[in-house]
Amino acid sequence: MPLDLPLLHHHLAQARTLAHALLNEDEITLTPRTIWDEHFMRGLRYLQTKEAKGLLKRFTLPVASPYIESLVRMSLSLPKNQKLENIHLQMGVASAVLCPLRQIVGSCFATAPAIFIQREQPKHLLLDLYDLMMLGQLKRTFAGQEFVVPISPKWGERLSDHPLLRAWEYTLASFSDYKTTFSRWNLYQSLGLDPKEEGGIGALIYGVLQEKLDEANQEVEKLHQEYVRAVDEMRMSQALLRQADNPDRMRRRKGELDVRANHAYGCKDSRDQASEKAQSLSQLFSFLMTQYAEKFQEYFLEVYDADIEHLNETLYEDSPAGFRLCYKHGRSDPSAWTLIYNQQEFVTALRQFFLAVEPQVTNACEWEEGVKEIEALTTTIVHYTQTEEFLTFALKKKKPWSYTSGGNMHSLLKGYYCIEGELAEEKRPIENPTDLLTFFLDLLKALPYPVTKPFEVDPLASLLAYSPTHAFLLKPGLSPFKEGWLDKGFTYTWIRDHVIEPGKAYFGGIRLDQKAQVLIGEKVVKSSFHPHGEPLSLPDFRAYLMDLSPQQEEAIDNALFQAFRPPKPLLFADTNWADYFFAFAVNPATLELDLYRVSTDGTRTFPMTPWRPYLDGSTSASWGVLTRPSDLSGASLSDIALKLKKV
1 MPLDLPLLHH HLAQARTLAH ALLNEDEITL TPRTIWDEHF MRGLRYLQTK EAKGLLKRFT
61 LPVASPYIES LVRMSLSLPK NQKLENIHLQ MGVASAVLCP LRQIVGSCFA TAPAIFIQRE
121 QPKHLLLDLY DLMMLGQLKR TFAGQEFVVP ISPKWGERLS DHPLLRAWEY TLASFSDYKT
181 TFSRWNLYQS LGLDPKEEGG IGALIYGVLQ EKLDEANQEV EKLHQEYVRA VDEMRMSQAL
241 LRQADNPDRM RRRKGELDVR ANHAYGCKDS RDQASEKAQS LSQLFSFLMT QYAEKFQEYF
301 LEVYDADIEH LNETLYEDSP AGFRLCYKHG RSDPSAWTLI YNQQEFVTAL RQFFLAVEPQ
361 VTNACEWEEG VKEIEALTTT IVHYTQTEEF LTFALKKKKP WSYTSGGNMH SLLKGYYCIE
421 GELAEEKRPI ENPTDLLTFF LDLLKALPYP VTKPFEVDPL ASLLAYSPTH AFLLKPGLSP
481 FKEGWLDKGF TYTWIRDHVI EPGKAYFGGI RLDQKAQVLI GEKVVKSSFH PHGEPLSLPD
541 FRAYLMDLSP QQEEAIDNAL FQAFRPPKPL LFADTNWADY FFAFAVNPAT LELDLYRVST
601 DGTRTFPMTP WRPYLDGSTS ASWGVLTRPS DLSGASLSDI ALKLKKV
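Reading the sequence shown from the start, the letters are residues 1 to 647 in our numbering.
Hints are computed from structural coordinates only; laboratory data are not their basis. In this text, all values refer to a predicted model and were calculated from it rather than measured experimentally. Just so you know, not all the hints are guaranteed correct.
[Claimed, not checked] Okay, derived cross-link-like pairs now, DSSO-like style, lysine-lysine, Cα gap no bigger than 27 Å in a straight line:
id	residue 1	residue 2
1	K212	K222
2	K568	K482
3	K154	K482
4	K196	K277
5	K398	K154
6	K427	K488
[To be verified] Computed Cβ-Cβ distance ranges for the label pairs, DEER-style:
id	residue 1	residue 2	range
7	T600	D26	35 to 41 Å
8	D333	H10	29 to 35 Å
9	Q283	R249	47 to 53 Å
10	S618	E146	26 to 32 Å
11	P454	N363	33 to 39 Å
12	T290	S618	50 to 56 Å
13	A13	R628	35 to 41 Å
14	L61	P448	42 to 48 Å
15	D245	E211	51 to 57 Å
16	K568	H10	24 to 30 Å
Glycine included, C-beta positions come from ideal geometry on N, C-alpha and C.
Just need the whole structure built from these sequences, with the hints factored in.
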């Protein structure tokens, strides 16, 4: 399935044209002929509301960074020498609301929620874009903790992409692996800041400081013994002074006492200074770990990277959320950040980091002698990070510069919408395609009327749903799927009478003679194909082809379906992929209900053969639907966004 279809280029161009006309208050005429026309009209209706107009006017220069300026320029295809103005920001944002967002990598866990927000909650999109463009970040505060996601430094750079919209989607993806403490970072584990992890930086610092502390404690003990002897000598002098029996002897004893007393006071001062040094050394490790934890979060970032390659990744499978380590150089502009791709870049970034933060850490240190200790430690750490011992430790679990997280759509939604509990959902394993259709229809029948009411009037309204490997958008308002869950009778009876039996009747009487067999068989088996001697039904012909070429099941089913298409597949969901929707239809090769992806113009239809393991009862993994839209109605927005809500 090509990801760069001409349709996607057309959508981007149309979004730019409509945004330009909208902001210039030109007359807009758009006749809805396709689902995508409906999408554009939906966006235009919102952008013409008082709320949207007020929000758009807030987008004014300056923006947070030159990187964001470049996103706006590329979103509108502006020449580099054209001066950027406020209206360009507003056009870029308006076009992001209008341009249909589609999945172009295995990141459905982010794309499906992003499409949901763009279509169902465009106000959230505008507020998010405002925060990204003016602050360079999105912020959520919940459960007493703040979580900040900086704008994604990557957007894919595909000519058919809307850069600002894609950068927003990739920023959302970071919510799938949100962390409120540095100890949860992959980088923290790779550095080994816990002193108990032998081979890590924490153990190195702890070992160096512990050695110095042991020496300092030994020095304290030595000086304390000297002080004790000095006090004993002073007390002896005091006793001799009391025994003096004449003025000369008293003067001499008094002089000896003064000398002994001064020596004792000197020993005490030396001991106390050594004790203070030992005390400061004992606290230095905790101070450094606190400082480094703060500075690492200022100078580094673990950002979602859609371009990370995954083993065994296929077109129809969601890939794990890939995150890449980014060195920010202490700067806020993402265009100045360095994404780390290999061991050498990782070591270089660590070296630059420790040297860069050394003055800041020493300035924060209230112990004067600690400055030299920290400087010496910095040199030791920098040298250690380049050793084989450290690199072996850093790489023993995951690569420090890239990793895949356990994040998914659920964790993303909980982070984005600040949900502390669990999302309401219905889910279960599926036995076959008919069972899947029954699951969806029964589920919709059981939902409260306030939930299903919008679907009766809006064919594009959505519920977030998922298969064992893919998140997508269920479209309950699509006809005739809508009629299936509105029907008051038995669900299976409706499926049988309106989907299965019409399909069987259409395909059941077809017989393929030798000429027809050759036309189809040569597309799959190529020149080695020889037709069967007798006319065959479609199921028999499929079995014949499978005997000849058992590894070509998907190609065989595709060829048969393209040659014998059903009258009208039952569309029920948006796949997120290019221009495809999911649909149910009778498979001409088996005369049983099957799952398909169908282009929105109906010219391309393909059975979802790769998903057969999730449709035949062979796995316990569930299909599911998020059933309570109110879960996704709120979010703890940033301070600026909260002010904008009052516009």
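Right, here's what the structure says about each hint:
1. K212 with K222: Holds, because 15 Å separates the two Cα atoms, which is no more than 27 Å.
2. K568 with K482: Status holds; Cα separation ~15 Å.
3. K154 with K482: Violated, at roughly 39 Å.
4. K196 with K277: Roughly 24 Å between the alpha carbons, so the hint for K196 and K277 holds.
5. K398 with K154: holds, 22 Å
6. K427 with K488: holds, 22 Å
7. T600 with D26: 35 to 41 Å: Hint violated: Cβ distance 28 Å, outside 35 to 41 Å.
8. D333 with H10: 29 to 35 Å: Given about 33 Å between the Cβ atoms, the range holds.
9. Q283 with R249: 47 to 53 Å: holds, 51 Å
10. S618 with E146: 26 to 32 Å: violated, 44 Å
11. P454 with N363: 33 to 39 Å: Distance hint for P454, N363 is violated at roughly 57 Å.
12. T290 with S618: 50 to 56 Å: Once the Cβ atoms are compared, 52 Å apart, the range 50 to 56 Å for S618 and T290 holds.
13. A13 with R628: 35 to 41 Å: Taking Cβ atoms as reference, A13 and R628 lie about 38 Å apart, which means the hint holds.
14. L61 with P448: 42 to 48 Å: holds, 46 Å
15. D245 with E211: 51 to 57 Å: Taking Cβ atoms as reference, D245 and E211 lie about 55 Å apart, which means the hint holds.
16. K568 with H10: 24 to 30 Å: holds, 25 Å
Checked against the numbered hints above, the structure breaks hints 3, 7, 10 and 11 and satisfies the rest.
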